[in-house]
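Peer 1: Sequence:
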Amino acid sequence: MNEKVKTFCVLLLLLLVVVVVAGLLVSCGSSEEQTVGSLKYIPDYDLISVGNTTSLKGTDLLPVLSTLRYFPDRFARKSCYVFSVIKGGKYLLRTTYYYGGFDGGIEPPVFDQIIEGTKWSIVNTTEDYANGLSSYYEIIVAATGKNLSVCLARNENTTSHPFISALELELLEGSVYNSTKFTEYALSTVARTTFGDDSSNMISFPDDQFNRLWQPYKDQNPVVNSHFNVTSSDFWNIPPVKAFASAITTSQGKSLQIKWPPVSLPSSRYYIALYFQDSRTPSPFSWRVFSVSINGNDFYKDVNATTKGVTVTGSEWPLSGQTEITLTPHNNTLVGPIINAAEIFQILPLGGRTHTRDGSPFLFHLHLYTAASSENQILTTLSVLCYIVISMELLANNFKNPPSDWIGDPCLPYENSWTGVTCSKDKLARVITL
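Using our numbering, the first residue of the sequence shown is number 1, and each one after it goes up by one.
No lab work stands behind these hints: they were computed from the structure. Check the hints yourself; a few may be wrong.
As the list claims (entries may be wrong) - Just the calculated beta-carbon pair ranges, DEER-fashion:
| id | residue 1 | residue 2 | range |
| --- | --- | --- | --- |
| 1 | K254 | D234 | 28 to 34 Å |
| 2 | N304 | E173 | 24 to 30 Å |
| 3 | E33 | G101 | 21 to 27 Å |
| 4 | L428 | D73 | 25 to 31 Å |
Unchecked claim - In silico DSS-like cross-links for lysine-lysine, where the CA-CA straight-line distance does not exceed 25 Å:
| id | residue 1 | residue 2 |
| --- | --- | --- |
| 5 | K40 | K242 |
| 6 | K57 | K40 |
| 7 | K146 | K427 |
| 8 | K146 | K181 |
| 9 | K254 | K218 |
| 10 | K218 | K259 |
| 11 | K308 | K119 |
| 12 | K242 | K218 |
| 13 | K57 | K146 |
| 14 | K119 | K57 |
| 15 | K181 | K427 |
| 16 | K119 | K425 |
| 17 | K427 | K87 |
| 18 | K425 | K181 |
| 19 | K119 | K87 |
| 20 | K259 | K301 |
| 21 | K254 | K181 |
| 22 | K254 | K308 |
| 23 | K427 | K119 |
| 24 | K242 | K259 |
| 25 | K181 | K87 |
| 26 | K87 | K57 |
| 27 | K308 | K242 |
| 28 | K218 | K308 |
Beta carbons: idealized from backbone N, C-alpha and C, even for Gly.
Generate coordinates for the entire structure from the input sequences, incorporating the hints supplied.
Peer 2: Shown next, in the form of structure tokens:
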């Protein structure tokens, strides 16, 4: 093939490349940039082409809660945002919802969230909204390709339009939650907690470099404050230093019992990370050793909490209903057990994806005009055929008016496949007919 033709085809392919996202904060429905503290949220109009936008009344709302995007198309099987990401990168995705009565109703609609080809969770913000609160959901997922889609979809309980207030995408470091096999599972956040903090303030960015949200939790157990800072990078999950600022404990010889997380859990497997630090001045005679059990089952024996801090994790722990964590002191320890922080995630099996190269051969007729170097300066026309197997997403872009749900995974979940598309029922689904 002529070198100029080769160069042209390469440049054509490069046109398909978009900027890769490492982190992104999006204010849905906004027409301008919004600022919350030191964080800046961009409008979403460059990231999605479907849905309507509206503003909410109320002067006391955070800027990112004052607008939203909603999706009135009742026939759309899903409505998606698609982000360009680093293939293999591990991302924290957070979706935020504040209803505000945008549709004239009293209660917010209930609908589904989808991440790639997996039904992630049901969005039900009714209780939070009744208490004047927004709701957020988090998931940690690895990008299997160069795009990552998050979608909203109606279900049998949806009475109005699905909506969304904000989206946040953060690239995590490789060590974080690295005992999870992210090629097969995602982690859906249940709770992320700091113990003993009696304030109502969450720990977030910049204290947590990944903008994870740590909620305070205080019960009837005694509270102690730490006088020593940990080094976050010493821990695989890189918790913020502030997560160790306070803790709950008991007196010598007594077990510490915590009903946590403060919600009833559906029967599933969970990833659990517990964080401990001794708050006392270190000496050869000061040691704090205890064992951890969850619902009466041994979780970790003889944890030695030092001033440098320690974490213990369980990567696939079966739980159901109310959970109780018990810290039992070693017989010879002079002080009671202690706990500073904890995280728990539901392990979510991935639902698969559509084969990345499904589509049809797309024929480009490229007319390259090159000036001949001969004396007659003959203009030669070279017609070139470049065959490129394109993805279904690019195929959709070549339709004049494709259905509004032609974005995200074409086949999965099956009940939310693109309108007019028939797929195989394999974990790596294939488009059969269009």
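Peer 1: Next, verify each hint and record whether it holds.
Peer 2: Quick rundown of the hints versus the structure:
no. : hint                    : verdict
1   : K254 / D234: 28 to 34 Å : 29 Å, holds
2   : N304 / E173: 24 to 30 Å : 26 Å, holds
3   : E33 / G101: 21 to 27 Å  : 26 Å, holds
4   : L428 / D73: 25 to 31 Å  : 29 Å, holds
5   : K40 / K242              : 23 Å, holds
6   : K57 / K40               : 22 Å, holds
7   : K146 / K427             : 19 Å, holds
8   : K146 / K181             : 19 Å, holds
9   : K254 / K218             : 18 Å, holds
10  : K218 / K259             : 11 Å, holds
11  : K308 / K119             : 40 Å, violated
12  : K242 / K218             : 16 Å, holds
13  : K57 / K146              : 38 Å, violated
14  : K119 / K57              : 32 Å, violated
15  : K181 / K427             : 17 Å, holds
16  : K119 / K425             : 16 Å, holds
17  : K427 / K87              : 19 Å, holds
18  : K425 / K181             : 23 Å, holds
19  : K119 / K87              : 21 Å, holds
20  : K259 / K301             : 20 Å, holds
21  : K254 / K181             : 37 Å, violated
22  : K254 / K308             : 23 Å, holds
23  : K427 / K119             : 14 Å, holds
24  : K242 / K259             : 22 Å, holds
25  : K181 / K87              : 15 Å, holds
26  : K87 / K57               : 40 Å, violated
27  : K308 / K242             : 14 Å, holds
28  : K218 / K308             : 23 Å, holds
Consistency note: the structure conflicts with the earlier hints numbered 11, 13, 14, 21 and 26.
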